[in-house]
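Kindly produce the complete structure, drawing on both the sequences and the hints.
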Amino acid sequence: MTKVVTLPKLGEGIEKATVTFWYFQEGDSVKEKDDLVELATDKATFNMPSPCAGKLTQVFFHEGDAVKVGEVLAHIEEGA
Amino acid sequence: MEYRVFDLGLVDYQESLEFQRLIFQEILDGKFNAGLILCRHYPVITLGRRAVRENILAPEEELRRQNIPLVKVERGGDVTYHGPGQLVAYPLVDLQFLKKDIHWFLRCLEGLIIDLLAGYGVSGQRKPGLTGVWVEEGKIASIGIAIRKWISFHGISLNLKSDDLAGFGLIRPCGMDIRMTCLEGLLGRLPQEQEIKKNLAEQFSKFLKKGE
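Just so you know, the protein sequences line up as chains Y and L, in that order. In terms of this note's numbering, the first sequence opens at residue 1 and continues consecutively. In terms of this note's numbering, the second sequence opens at residue 1 and continues consecutively.
For the record, the hints were derived by calculation from the structure and aren't laboratory data. Note that the coordinates shown come from a computational prediction; the quantities given were computed from them, not determined experimentally. Everything hinted at is true.
Calculated pairs, SDA-like style, for lysine to any residue (alpha carbon to alpha carbon, straight line, at most 20 Å):
1) Lys127/L / Glu12/Y
2) Lys31/Y / Lys149/L
3) Lys210/L / Gly111/L
Covered, in the sense of this in silico footprint (three residues per stretch, anywhere, with C-beta under 8 Å from a C-beta of chain Y), are these stretches of chain L:
4) 72-80
5) 94-103
6) 139-149
Using N, Cα and C, we set each Cβ at its ideal position, and we do this for glycine too.
Following this line, the structure appears as structure tokens:
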């Protein structure tokens with residue numbers, strides 16, 4: 001099954017973040033809780049962990065792109 | 001919340017970064033829940049994730065001549081300058097025990113500095129849409145943080161001494177045309193560094209208690 005990774009709510013009044021670093025590339029295997037991607041808002045950076053183990057099949061936003069809360073960041077093929 | 005306070009004195013930026021990583025790991029391992037690292041830095045320019053090269057105004061030869069290194073770091077924000085005339089505070093906090101809200105935490109850090117300044121009769125303020133602490137004369141404290149596994153690192157720098165403000169002329173701080181000011185300039189004298197550190201540690205302790 002494909003796990004859809006979206007940008008979660010970041011707190012009050014924060015609607016978007018910028019992708020600053022991908023720890024993995026499309027095709028890489030990831031473990032659950034591995035740091036997947038680093039994002040930044042104005043004065044803070046934070047990491048999103050992988051929600052499951054599997055293969056990162058598709059990345060929808062690249063470094064420098066702005067992502068809105070709820071938008072899809074990546075697809076992970078669970079257990080693959 | 002169990003916390004520790006560390007005073008590194010005057011240290012090289014890189015050394016303090018390694019120390020932050022050490023304390024980060026101890027918090028991650030659950031040895032304690034928060035730490036406050038206090039220090040001052042030898043002159044250095046650090047570039048946050050949003051930094052653009054154009055915001056460094058001084059030519060590279062000039063920085064080399066003055067022995068000022070450029071360091072890329074994982075914190076948020078643009079470019080900043082640190083020098084021995086600033087008090088730098090790195091609050092490492094496991095936000096899982098307080099509130100998992102990054103911008104709430106940024107506002108709390110501003111609050112720490114505002115309360116600290118109030119103790120010296122200085123009225124610090126937030127600016128809507130921006131991060132940091134301002135007084136009428138200019139910006140007095142800058143903030144940029146990183147969060148990993150809900151533990152914060154990097155932090156706050158508070159301008160203390162007038163003779164160090166010139167360092168900000170090497171850059172466009174945070175990518176903006178900001179006038180910087182300092183505690184010594186506002187008070188006409190500088191309170192003892194140890195006393196400021198003690199007061200800041202007290203504010204940090206109050207913040208952790210309030211958040212529980």
